[in-house]
Amino acid sequence: MTGTLAFQLAIAGVSVGSIYALVALAIVIPFKASGVLNFGQGEVVTAGAYLALVLTTLALPYPLVVVVVFVLGALGGVLIERVLIRPIVSAPEFTIVIATFAIGLLIKGAISLRFGDSPVSIDGPFGMVPIEFANLRVNPTSAWILVCTAAVTLAIIAFFKYTRMGKAMRAVSINAEAAQLMGIRVSSVYRWAWGISTAIGAFAGLLVAPVIGINPEIGSLILRGLVAAVIGGFTSVTGAVIGGLAVGLIETYSGVLIGSAVKNLVPFLLLLLLLVFRPYGLFGAAEIKRV
Amino acid sequence: MKRVRALVWTAIAALLPSAALAQEQGVSADTITIGAFGPITGPAAYIGLGGRDGMNLAVKEVNAAGGINGRKLVIVFEDDAHSPTRALAAVKKLFEQDKVFAVMSVGGSNATVGAVDYVKERGQVMYVSIASAPQVTWPFSRNLFRGGTTEAARYGELYAEYLATNAKTKRIAIMSGREEYPRNEGDATVAKLKSWFDIAPVARVEFNINDKDFTGQLVEVQKSNPDIVAFFGNPAEASIAMRQAKELGIKQPFFVGSNMVDPSLIAAARSNAEGVTGFSLIPLLPGSQLPDMVKWEGAWRKEYPNAPAGRPNNFDLLAYGDAHVMAEALRRAGKDLTTDSLIRALEAIQNYRVGPVATPRTFSTKHHVGNLTLVPMMVKNGAWEPLPWNSTRESDILKRYQ
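Note that the protein sequences, when read in sequence, are chains A and B.
Heads up: the first sequence begins at 1 in this note's numbering, then just goes up one per residue.
Heads up: the second sequence begins at 1001 in this note's numbering, then just goes up one per residue.
Keep in mind the hints are simulated off the structure, nothing from the lab.
A few of these clues could be false.
Unchecked claim - Stretch-level coverage of chain A by chain B, calculated; a stretch enters the list once three of its residues show a Cβ under 8 Å from a Cβ in chain B:
#1 43-49
#2 249-256
#3 266-272
Unchecked claim - Think about it this way: if two alpha-carbon atoms lie no more than 30 Å apart in a straight line, the pair counts; the simulated DSS-like pairs of lysine-lysine are:
#4 A/108 with B/1120
#5 B/1093 with A/108
#6 A/108 with B/1092
#7 B/1120 with B/1399
The model shown is predicted, which means the values in this text are computed figures rather than measured ones.
All C-beta atoms in this analysis are idealised placements derived from N, C-alpha and C, irrespective of residue type, glycine included.
Could you build all of it, start to finish, from the sequences and the hints given here?
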């Protein structure tokens, strides 16, 4: 393998890894705050992509499309939490997981009914003509996805570290009862967590639409997002992003070095191996309980 | 003696109801019930939804025109999710629970192959509108028929002849999906390139349905320095591969399988689809402004006013044409409808088509491959346009049935 090829593959791996990182982020945030694993997050990404399609058809300028997708994505998450999740928050964990799965299927079914199953696409904000430099080619949309992933990650880290709500979320994730006793409105925290996560999920859909196209099946990205979240340690924002990039790079390089037949299996194999040695992922930590 | 007579009359009385009911399953005084299956969920739903709706439009037209010999056609549809095990379950349910007279497949190859052996053993008719898997018509089975989508070997013949003669390419790279249909297309093309033109592909790579990244495969293709890249899969995959090919600096044109000669490829791949070539199973594509297609699309949109973008698609047209062929055969089979009379009627069909939106079907007692006609096309200025090319080689397919 030449150096140029290795770099080109790295660009491809980071491009697809950024997508996985965003999905992983959107999974980690509500889990971190409320302990709920949202299996419908893949369909939130799909919904974001179709929302982008509709807004693009209306010829809205791109910055406005971004804002609308974020806002509607957030509102969707708040609605889901208030109407569907909060009533069952005391139910067994498995029940809530199945409920999120069902929500995802409902979203996918509604999208299929409204838009059909034929794939469509939209143009990226900076076109699709590759930028060439030093024998390397970069899709401007892929570069944009990487920039947005970095920006969202930094924003989330800052949110958790410096804002009242972010600190409240961290407190609730450690001990919801104690946080409530300290005056934190736990229901409000859950609402924010869901709103933020679905906003990120919908934004991910907008970003990936020009790269992988738009069809009701793009929600299958959640599998890679879950692997990325687990590799990173399920409660770590930084870990989710690094996990996503790692999965993207591993997939791309294994496809070339080992073969396309097994490249889809390699990330899962490595995940299993990693969990043997680091069961809490790269950046996760065991929960400490006082006895 | 009295006792014997009583026993005889009792036996006759017991047999009479079953005698009265001993007409063909799925055929009543006023209806003929036909089962159908295809994917209406999952990544291949664009096939089954088009197939189902095109078929239902044809059935509505047939019933509006008076039905078939005084009977209305009734369709019972099952989702197979493009899975062979689900297709088998669907067909079993249709025959054993719903008691249909015959089945039509708009399932695609991957699912349809799951049902083939069961239907062969059962003996009732299965008319396959959308599946090119060889097992449907080879080895020959009297109760299986193939309509719109031709046999995979025919794709191979036409693709190989076009690539080697018209496109004048010697270095051909092949990218094919791992499921039944694209793998068959790829295998058939490789086989005919070898046997007719002594050309071996310079690269042969595979991918999984729903893959989102083709970098590994494209790197291998690039290394082989082909003249053309033949891609057999689905429009969603092709659109990603074509975009990534450009990013990697692969400038060679793409040739696609017939299921992608459809407006959905252009909708998905956008400007990357320009210059792509392929063969179409239907003479007119949806969206064409020719009067016959405009008229047909008008009727389709009246039936499905809330149709989503990308519909009607090619599978609507294929299944529409084949449902009319089936209806014509049912009509020719006569009032005293049986599986045997339907088979004889189908085998007598010669160059029949419902109109200019369909290609003609021809069956015989020796073969049940109804369609050997495909039209070469290229994407020009965002639309598929026919290319001025005709095959000059005789097909090998029908020779093996002689």
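Results for each hint:
no. : hint               : verdict
1   : 43-49              : violated (count 0)
2   : 249-256            : holds (count 5)
3   : 266-272            : violated (count 0)
4   : A/108 with B/1120  : violated (37 Å)
5   : B/1093 with A/108  : holds (27 Å)
6   : A/108 with B/1092  : holds (29 Å)
7   : B/1120 with B/1399 : holds (23 Å)
The structure fails hints 1, 3 and 4 (numbered hints given earlier, in ascending order).
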